[in-house]
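Student: Chain A is already provided as a structure; the job is to place chain B on it using the hints.
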Amino acid sequence: MILVISVCKEKLHELEFVKPIIDIVKNCKIVHYSNLKKSDLENAEKVIICGTSLKDNEFLKHLDKFSWLKTFDKPVLGICAGMQIIGLVFGGKLMKKKEIGYFKENLKGFFGLNEVEVYHLHGNYVEFTKEFKVYNKGIPQAISYGNIYGVLFHPEVRQKDLIKNFIKN
Amino acid sequence: MKLGVLFSGGKDSSYAAYLASQNNELVCLITIHSKNLYSYMFHTPSISKTKLQAEVMNLPLIEVNTKGEKEIELNDLKDAIIDAKKKYKIEGIVTGAVESVYQASRIQKICDDLGLEVFNPLWQKNQIELLNDLIKNKFEVIIVAVAAEGFDTSWLGRKIDVNMIEELVKLNKKYGINPAFEGGEAESFVLNCPLFKKKLKVVNKRIIDDRIEVELE
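Quick mapping for you: the protein sequence lines, in order, are chains A and B.
Sequential numbering of the first sequence, starting at 1, is according to the numbering used here.
Sequential numbering of the second sequence, starting at 1001, is according to the numbering used here.
In isolation and in its complexed conformation, chain A is listed as follows:
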């Protein structure tokens, strides 16, 4: 079972930032981080932490709800806010940078992606600690550490296969 974690403050935003992920993953359990139980993580084969809106930074006040990431040994994919959460839990630094729309990035083989046009919708990013591999030049757009992965862009818009490959591999 794939566990999809919502970080949206507003329920309405889940249609925009969580449902597109569910439509790709199909069979999954959806839970908001504020209601996450130990059993949800125990029963999950893999976890996806979704993004949220540009103005929604509520999750930054509740990073303690994600401390499980430090000891979790199953694959995790963080998308946008999800990636920022991963970085911050592991001691990274939150930085400001607003990017909206299509941008060209070279992800140097991250999940098979090289030069791609990705959809950005973020006001922040994270400077990751040294144990993380950053795949691109410039601000981190794709990272990994063991079986933890993160992307700052929204693959549910133009790189749906990235999510499919994360589930398959």
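The hints are simulated quantities; they were obtained by calculation from the structure and are not laboratory data.
A few of these clues could be false.
[Claimed, not checked] Cut-off 30 Å, straight-line C-alpha distance, at most; resulting in silico cross-link-like pairs (DSSO-like, lysine-lysine):
hint: 1; chain 1: A; residue 1: K38; chain 2: A; residue 2: K108
hint: 2; chain 1: A; residue 1: K98; chain 2: B; residue 2: K1087
hint: 3; chain 1: B; residue 1: K1109; chain 2: A; residue 2: K97
The model shown is predicted, which means the values in this text are computed figures rather than measured ones.
Tutor: Using the frame of chain A, we list chain B on its own:
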């Protein structure tokens, strides 16, 4: 949250408004009248009828005219949203964007400048699921313009129903058209939906080229 809806009168902005109304307060509709029939930003057919839709929704309507020049039309949209913020204290904007990053990212930037939230509740939604949701939620929607191979004037004035969805699936396979008209293949107009206090009735219709002009009451 108090929300304003970017409203064209078609199925997408109406259904987005309906979804937003479940947990939020809709306080106004915003309609942009573009003189450019081929605007990337704004749908044009039947948009002059949004006034009637706003009346049956008991919502104030902010209307702004634009020449529809690429990028410049965004200033007109921004002015309309500023007006909505001043008059109705909106905290966010709802759009019916499904796939257009062009539209969505420009609206995101405008709202970000104005300190407003953006809600795109149909974002990336499967086209057939969207059409079926309209029927399930008792949306009465007619086709008011056609602009793609596979569509002829016999489609004008037809209601979106289960049979039409089946036809659209076939057209999608044959011509690759987007079944929910996201590529501008056709334009729709909502006659009734759960947000309407009263159903709109077509009392007269006139086909002009690939569009239909409807008189409503």
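Student: Tell me, which hint numbers fail for this structure?
Tutor: 1
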